[in-house]
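Engineer: The lines below spell out each chain.
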Amino acid sequence: MTGKKKDARSGLLISPIENGTVIDHITAGEALNVLRIIGITGATQESISVATNVSSGKMGCKDIVKIKNRELRKEEVDRIALIAPRASINIIRNYRVYEKKGVEIPDQVMGIVRCPNPGCISNANEPICSRFKVVPAGLRCIYCDWLIAKDLTSYII
Amino acid sequence: MIKHIISIRDLDRGEIDAILEQAGRIRTRGFSPRALEGKILALLFFEPSTRTRMSFEVAMARLGGTSVGVDSVEASSMSKGETLADTIRVVSGYVDTIVLRHPKEGAARLAGEFATVPVINAGDGAGQHPSQTLLDLYTIRQSMPLDGVNVGLLGDLRYGRTAHSLAYALSLYHATLHTISPKGLELPGALFNELRSEGTKVIEHHDVADVIDDLDVLYVTRIQRERFPDSSSYFAVASSYRVTPELLAGAKPHLVVLHPLPRLDEIDPRVDQLPYARYFEQSRNGIPVRMAMLQKVMQ
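First to last, the protein sequences are chains X and C. Under my numbering, think of the first position of the first sequence as 63, with each following residue one higher. Under my numbering, think of the first position of the second sequence as 12, with each following residue one higher.
Hints listed in this document are in silico derivations from the structure and should not be mistaken for laboratory results. Bear in mind that the values here come from a model prediction, so they are computed numbers and not experimental data.
In silico DSBU-like cross-links for lysine-lysine, where the CA-CA straight-line distance does not exceed 30 Å: (1) C:K307 / X:K195; (2) C:K194 / C:K263; (3) X:K195 / C:K212; (4) X:K195 / C:K14; (5) X:K212 / C:K194; (6) X:K163 / X:K130; (7) X:K212 / C:K212.
Only chain X is shown next, with the shape it has when bound in the complex:
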């Protein structure tokens, strides 16, 4: 995607960014959740471009996110793996791909997902963040053992 311009008739026009991050190969339909999971909301300052359901040779259909002037840190990148395990991260400097990396599913996620169990101590007024262990079946709450096996995105804080 980066650096390759398409004309308006081809149906997609996202200009390259000078500096920042391009998240490519996001599972189609998950781009907005990717932004949520890395903490980018309408209230933050970043300039963002989002393309959804773009045709992809590798994936059939994919989403792309471009974030101007912000390079994602490793822990932010790895969070993305929870909902878009095939995503690739391109760090852009001066219009060139400075670094390209995949995402790795982390062992634990902290403060990103809320425990769905209303009886969990992590939902009480205590000085702790939610914490989940990543297991093959999904995310298991460190505190109450509740397993989030599906609909992970509905629990993103």
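Following the hints, complete the assembly by docking chain C onto the known chain X.
Structural biologist: Relative to chain X, chain C alone:
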């Protein structure tokens, strides 16, 4: 490193066996009444409990230690809005070990993060209750090896925390689990799938009579009235899950019937007289097992 006992999932098979063996030694060979002399145990019970609280207190007393504690949120600084984290930090400075019961799931895990002394979970909401699981295992082990045992789990398997923890622990011993529960109170799907994915044989039954003759252990749990819309539907279900002498007529001679207690109508009182009934002994076993747990974390 501080040794907490928060969840049965934190213990591997070797650690479980070590606690059960120590409990066995305490029971058969005796123990030093001064083993924990000078040590102080905090019993923080923010939810009602009779047998768990008393048995921890007795276990500590038998080993020569002292217990102090609170019995309710109202009697503690939590009624003034103090967080559990702060309560634990403060109490850690007073005692050698904390035993915690709390209505919120995961409370003991949080306590373990803030405590500077060992924490033993004595039940956190619908979550974990490892000392109960250990005494359940201990009682089975008194009669037969745990490996490959055929266990029937009967009753409310959806909300019954003792059944969840026991099912998980038994999976470490390659047990075969037979689940028998009313519709809507089945073992949670996530746990069911987890047990199966780890190679445990889990077989669902609708009627305990179909499987009773094959069981080595029948673990009965309470079916709570509040899970049903009205009394008549509760009684209809409860009566079909009731353990009676007639049900046990064809059982294996070594069958062990267990119940974490308190029981309501799940077990006919006539069963108490049969050699299968081991639930009161199970309850008594809480003392040596909790003595072994206290020794594990404090010595």
